[in-house]
Amino acid sequence: MSFVLISPEVVSAAAGDLANVGSTISAANKAAAAATTQVLAAGADEVSARIAALFGMYGLEYQAISAQVAAYHQQFVQTLRTGAASYMLAEATNVEQNLLNLINAPTQTLLGRPLIGDGANATTPGGAGGDGGLLFGSGGNGAPGAPGQAGGAGGSAGLLGNGGSGGAGGTGAPGGNGGNAGWLYGRGGVGGAGGIGGGTGGAGGHAWLFGHGGTGGIGGGPGGNGGWLLGNGGHGRWRNRWLAAAALAGTAGGCSATAVSAERAEPAAERAAPVATPRGCSAVVVPAAPAESVVATAGTAATAGGCRRGGRP
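For the sequence shown, the working numbering begins at 868 and goes up steadily by one.
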């Protein structure tokens, strides 16, 4: 295999020289246009007039060809400049990547995750997403599960970054949980949707100091907790009556001020007793309605979601 070495500076300089050559030729063509396209007859006879017209036609054809050549020349110069810029960008990217690899090598070897950079998205069915960098970077997304296999969990962030989304569950299997947000700031990942046939949704990822919890996955996934100091809990998701084996209540989202969740049932009977407030929450949870009469023993209360840490209002 042969290798070609390119100096972007030399290519850029050559493109500039070629542009100057093209400008000089174009200026000369414009200066000669009047004299070559409107040739005066040497005499008043018919032969002189025809010869002058013939030379004038040659001049017009030359100007048309010159315009086409000038356009081609401009495209060639632009291609050279674009190639030089792309080569310089590729070199800069390689240097940056090599520098990141050098920085991330110790933490990758010791802890199995980089210092800076996003986690890789999972590619195998049900695989978990990679964790983000310890200092900066978001977690990778989990992969959907095969039939009967749970979805992969999303990767978690380090100090700054968002959690990865959980993968959807296979048939009848739960979705993967969303990854947790960065310790300082970030948003929790979205839980994966539950598989068709009663699979439960994955839980949303939690935030830590600042940030919002992730939304629970479709199929009853609870929302993630909001940040200790600032942030809202993620929204919970309702279970699908047509996919679940019985009528089940929706799962509450993570709470930061109040947590409200009630069963979507027909108001055919009186409301049941109030559901207990989740531990750590100072909010009030709205009582859940009774389940449908066809499922007498099914639980109708909404499952409490995650709270804002410390139970701060």
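Simulated from the structure, these hints should not be mistaken for laboratory data.
The C-beta atom is built at its ideal place from N, Cα and C for all residues, glycine as well.
Treat the hints with care, as some may be off.
Have a look at the derived ranges for each label pair, beta carbon to beta carbon [what the hints assert, rightly or not]: (1) THR960 / ALA937: 27 to 37 Å; (2) THR991 / VAL962: 26 to 36 Å; (3) GLU913 / VAL936: 46 to 56 Å; (4) TYR939 / ALA1013: 51 to 61 Å; (5) ALA934 / VAL906: 17 to 27 Å; (6) ASP912 / SER890: 20 to 30 Å; (7) PRO973 / GLU876: 27 to 37 Å; (8) LEU1076 / THR991: 40 to 50 Å; (9) ALA898 / ALA920: 50 to 60 Å; (10) ALA902 / GLU958: 20 to 30 Å; (11) ALA894 / ALA919: 42 to 52 Å.
task: Please flag the earlier hints that this structure goes against, numbers listed from lowest up.
output: 3, 6, 8, 9, 10 and 11
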